[in-house]
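**Q** Work out the full structure, taking the sequences as your base and the hints as a guide.
Chains as they are written, first to last, in my numbering: chain C, 55 to 191; chain H, 55 to 191.
Because the hints were derived from the structure by calculation, they are not lab data. Quantities reported herein were computed from a predicted structural model and do not represent experimental measurements. Hints are not guaranteed to be accurate.
Heads up, the list lumps identical chains together, so a pair's fine if it works in one copy or across two of them.
As the list claims (entries may be wrong) - Listed next, the in silico SDA-like pairs over lysine to any residue satisfying Cα-Cα at most 25 Å (straight line): (1) LYS125 with GLY174; (2) LYS75 with ARG134; (3) LYS154 with THR164; (4) LYS125 with GLU179; (5) LYS75 with GLY174; (6) LYS125 with LEU92; (7) LYS154 with LEU120; (8) LYS87 with GLN176; (9) LYS154 with ALA98; (10) LYS87 with ILE155; (11) LYS75 with ASP100; (12) LYS154 with ARG91; (13) LYS154 with LEU165; (14) LYS154 with ARG114.
The primary structure of each chain is shown beneath.
2 protein chains.
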Amino acid sequence: MKGKEGMTIGQAAASSGVPAKTIRFYEERGLVKPAERLANRYRAYDESNVQTLRFIRRARDLGFSLQEIDKLLALYRNRRRASEDVKRLALAHVCELDRKIAELTRIRDTLAELARRCHGDQRPECPILEDLERPRP
Amino acid sequence: MKGKEGMTIGQAAASSGVPAKTIRFYEERGLVKPAERLANRYRAYDESNVQTLRFIRRARDLGFSLQEIDKLLALYRNRRRASEDVKRLALAHVCELDRKIAELTRIRDTLAELARRCHGDQRPECPILEDLERPRP
DNA sequence: ATATGGCCTCCACCCACTGGAAGGTCAAGC
DNA sequence: GCTTGACCTTCCAGTGGGTGGAGGCCATAT
Chain C
55 MKGKEGMTIG QAAASSGVPA KTIRFYEERG LVKPAERLAN RYRAYDESNV
105 QTLRFIRRAR DLGFSLQEID KLLALYRNRR RASEDVKRLA LAHVCELDRK
155 IAELTRIRDT LAELARRCHG DQRPECPILE DLERPRP
Chain H
55 MKGKEGMTIG QAAASSGVPA KTIRFYEERG LVKPAERLAN RYRAYDESNV
105 QTLRFIRRAR DLGFSLQEID KLLALYRNRR RASEDVKRLA LAHVCELDRK
155 IAELTRIRDT LAELARRCHG DQRPECPILE DLERPRP
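**A** This is the structure:
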């Protein structure tokens, strides 16, 4: 396990923040290319692999899907990319986030209002259950 | 297929808004009790079953998990329930929604700011990719 | 010599469905 | 009476993004 840059999957995991199991999963999904193998069949990683893993980690934290990350990685690796293409991906994702936030907020407000109207005591009467059982148009 | 109230799964689906496949799935998961069967092995539903399905549908629309719905259904069926218990479930879910909304909003703002700083032209320079590749502490 | 811990593969499971294949049932139309 | 088509039945597989565990090899310290 020598070599200045060489790392096992566990070290790459610690260094990138992506769990070892997840790294294998990404490899299987084709998100990262299959790692080189040592003589003992252990996967070997270098700084550039770890860089890619960190990129993926950050993109996941920002809510991009693996499919979107695949596209982002392609742009990342392409020196002749147009920032326009990256921006389009990002803005599409912002739209999706706005949509989700709006929906969750709507649900949240509905439910908070129902809870506000519920006495929350020992009696069975409950506007929340009454809402749930009400037939909708 | 006689009987004033009797319905097939397709009619129950149309009447409740829960797809037939999903009704079978709920039965398998034990969320609803196994439907009666006709001589031809078709599932039979009545208004009360449809009412339960509508309840589930509405609760799903409000973002409750099947596990939470299981508890809500138990409270719904229990005439001696305390509205306190329903309210507690609802408020816990509101908290969870608030948490999710806050996280998505944080992500959304981060990404929108990165996109704002990106020229979005034909050149490769891109603050979004620069952010993604940046090592984190 | 063995105990620990890391690595390997493979399979199963999570959530909440959804799609599809293969086959049974029923009413209507010719 | 036979076909057609719309239902219904079961079972199996896949989605997304992993996580957990079994069973076994490898490396190092005691």
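**Q** Take the hints in turn and mark each one as holding or not.
**A** Verification of the supplied hints:
1. Taking the closest pair of Cα atoms, LYS125 and GLY174 come within 25 Å of each other only across two copies (16 Å); inside a single copy the shortest separation is 50 Å, beyond that limit.
2. In this homomeric assembly, LYS75 and ARG134 never come within 25 Å of each other (Cα to Cα): the closest approach is 33 Å inside a single copy and 48 Å across copies.
3. For the identical chains of this complex, LYS154 and THR164 are neighbours both inside a copy (15 Å) and across copies (16 Å), given an alpha-carbon limit of 25 Å.
4. With identical chains, the CA atoms of LYS125 and GLU179 are at most 25 Å apart between copies only, with a shortest distance of 17 Å across copies and 53 Å within one.
5. In the homo-oligomer, the alpha carbons of LYS75 and GLY174 never lie at most 25 Å apart, since the shortest distance is 45 Å inside one protomer and 36 Å across protomers.
6. Proximity of LYS125 to LEU92 under the C-alpha cut-off of 25 Å is found in neither arrangement, the shortest distances being 30 Å within a copy and 53 Å between copies.
7. For the homomeric pair LYS154 and LEU120, the shortest alpha-carbon distances inside one copy (18 Å) and between copies (20 Å) are both at most 25 Å.
8. Proximity of LYS87 and GLN176 under a CA criterion of 25 Å is satisfied in neither setting, with 60 Å inside one chain copy and 28 Å between copies.
9. Neither within a single protomer nor between protomers do LYS154 and ALA98 lie at most 25 Å apart by alpha-carbon distance, with minima of 39 Å and 37 Å respectively.
10. Taking identical chains as interchangeable, the C-alpha atoms of LYS87 and ILE155 are never at most 25 Å apart, the minima being 34 Å within one chain and 35 Å between chains.
11. With identical chains, the CA atoms of LYS75 and ASP100 are at most 25 Å apart within one copy only, with a shortest distance of 18 Å there and 48 Å across copies.
12. Taking CA atoms no more than 25 Å apart as the test, LYS154 paired with ARG91 passes in neither setting, with 42 Å inside one copy and 40 Å between copies.
13. For the identical chains of this complex, LYS154 and LEU165 are neighbours both inside a copy (16 Å) and across copies (15 Å), given an alpha-carbon limit of 25 Å.
14. With identical chains, the CA atoms of LYS154 and ARG114 are at most 25 Å apart both within one copy (16 Å) and between copies (15 Å).
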